[in-house]
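Asks: The primary structure of each chain is shown beneath.
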Amino acid sequence: DIQMTQSPPSLSASLGETVSIECRASEDIYSNLAWYQQKSGKSPQLLIYYASSLQDGVPSRFSGSGSGTQYSLKISGMQPEDEGVYYCLQGSKYPLTFGSGTKLEIK
Amino acid sequence: EVQLQESGPGLVKPSQSLSLTCSVTGYSITSSYRWNWIRKFPGNKLEWMGYINSAGSTNYNPSLKSRISITRDTSKNQFFLQVNSVTTEDTATYYCARSGRPKPFDYWGQGVMVTVSS
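So the protein sequences, as listed, match chains P and D.
All residue numbers for the first sequence refer to the working numbering, where the first residue is 1 and numbers rise by one.
All residue numbers for the second sequence refer to the working numbering, where the first residue is 1001 and numbers rise by one.
What the hints contain is simulated information worked out from the structure, not anything from laboratory work.
Just to be clear, a hint being listed does not mean it is correct.
Okay, the calculated beta carbon distance ranges per label pair [stated by the list, open to error]:
hint : chain 1 : residue 1 : chain 2 : residue 2 : range
1    : P       : S40       : D       : G1008     : 32 to 42 Å
2    : D       : P1102     : P       : E27       : 15 to 25 Å
3    : P       : S14       : D       : P1009     : 25 to 35 Å
4    : P       : E17       : D       : S1057     : 39 to 49 Å
5    : D       : S1028     : P       : P8        : 33 to 43 Å
6    : D       : N1084     : P       : E17       : 25 to 35 Å
7    : D       : T1115     : P       : E22       : 25 to 35 Å
8    : P       : S12       : D       : Q1003     : 20 to 30 Å
9    : P       : Y30       : D       : S1031     : 19 to 29 Å
10   : P       : E83       : D       : P1042     : 12 to 22 Å
11   : P       : E81       : D       : Q1110     : 10 to 20 Å
12   : D       : S1028     : P       : S14       : 38 to 48 Å
13   : D       : K1045     : P       : E17       : 21 to 31 Å
14   : P       : E22       : D       : K1013     : 12 to 22 Å
No residue lacks a Cβ here, since even glycine has one placed at the ideal position from N, Cα and C.
Just need the whole structure built from these sequences, with the hints factored in.
Replies: As structure tokens, then:
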């Protein structure tokens, strides 16, 4: 199985701050990387797919980048509604595997 | 709009089977896409469990392969999850979700919490 190492496990950011979350795959996943946001009591929501493509309806302050084994999610200007847990997912090989999650809170 | 909704018992006894239903509206499960089950354990870990595709073929996570079955009822536009011989480690919130290329898991159900306990 492809292992996804996500960091940091938790993050606290001020309003308007830019934050980054990283995911490293145990092998090349050829940009088959997605990012999800899960708010408390809700199901995960797709933010980014194919490493850098923004899902319809997702604010442009969210962006994704990376290639090979290293990927990142950036939030440019933290907003209160961005609190939640963020996960990466590799879609290159089955079984699909998720990162361990990053809990993002407002400072 | 595509909508998915899970249903099933919230409490299952150890060694019994867990059975859940995902009802899909707004899209036919026989048209395209893969229809998945995913679970989230206490402590936030997410695990992809398996899918049934539009043709009826399945693919399961090897970690569950001997205990899991995903089937469907095309007349009701539903698909199902069965996990046999459950233990307390199967306690989780279970989600159904749609996936396709290039967008994995673009629509999700609201999730159903299942506790395995005697």
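Asks: Do the beta carbons of S12 (chain P) and Q1003 (chain D) sit within 20 to 30 Å of each other?
Replies: Once the Cβ atoms are compared, 35 Å apart, the range 20 to 30 Å for Q1003 (chain D) and S12 (chain P) is violated.
Asks: Do the Cβ positions of E22 (chain P) and K1013 (chain D) conform to the proposed distance bound of 12 to 22 Å?
Replies: violated (41 Å)
Asks: I want to verify a distance hint. Is the separation of the beta carbons of S14 (chain P) and P1009 (chain D) within 25 to 35 Å?
Replies: This hint is violated: roughly 44 Å between Cβ atoms.
Asks: Per the hint of 10 to 20 Å, is the separation of the Cβ atoms of E81 (chain P) and Q1110 (chain D) within bounds?
Replies: holds (19 Å)
Asks: Check the following: the C-beta atoms of E17 (chain P) and S1057 (chain D) are separated by a distance inside 39 to 49 Å.
Replies: holds (46 Å)
Asks: Is the hinted range of 38 to 48 Å satisfied by the C-beta distance from S1028 (chain D) to S14 (chain P)?
Replies: holds (47 Å)
Asks: Against the range 33 to 43 Å, how does the distance between the Cβ atoms of S1028 (chain D) and P8 (chain P) compare: consistent or not?
Replies: holds (42 Å)
Asks: Assuming the hint says 12 to 22 Å, is it satisfied by the Cβ distance from E83 (chain P) to P1042 (chain D) or not?
Replies: holds (20 Å)
Asks: Indicate whether the distance between the beta carbons of P1102 (chain D) and E27 (chain P) respects the range 15 to 25 Å.
Replies: holds (19 Å)
Asks: Between T1115 (chain D) and E22 (chain P), is the Cβ distance one that fits in 25 to 35 Å?
Replies: holds (34 Å)
Asks: For N1084 (chain D) and E17 (chain P), compare the CB-CB distance with the range 25 to 35 Å and indicate the outcome.
Replies: violated (48 Å)
Asks: Range first: 19 to 29 Å. Now tell me if the beta carbons of Y30 (chain P) and S1031 (chain D) are that far apart.
Replies: Given range 19 to 29 Å: holds, Cβ gap about 27 Å.
In this structure, the hints that do not hold are numbers 1, 3, 6, 8, 14, in rising order.
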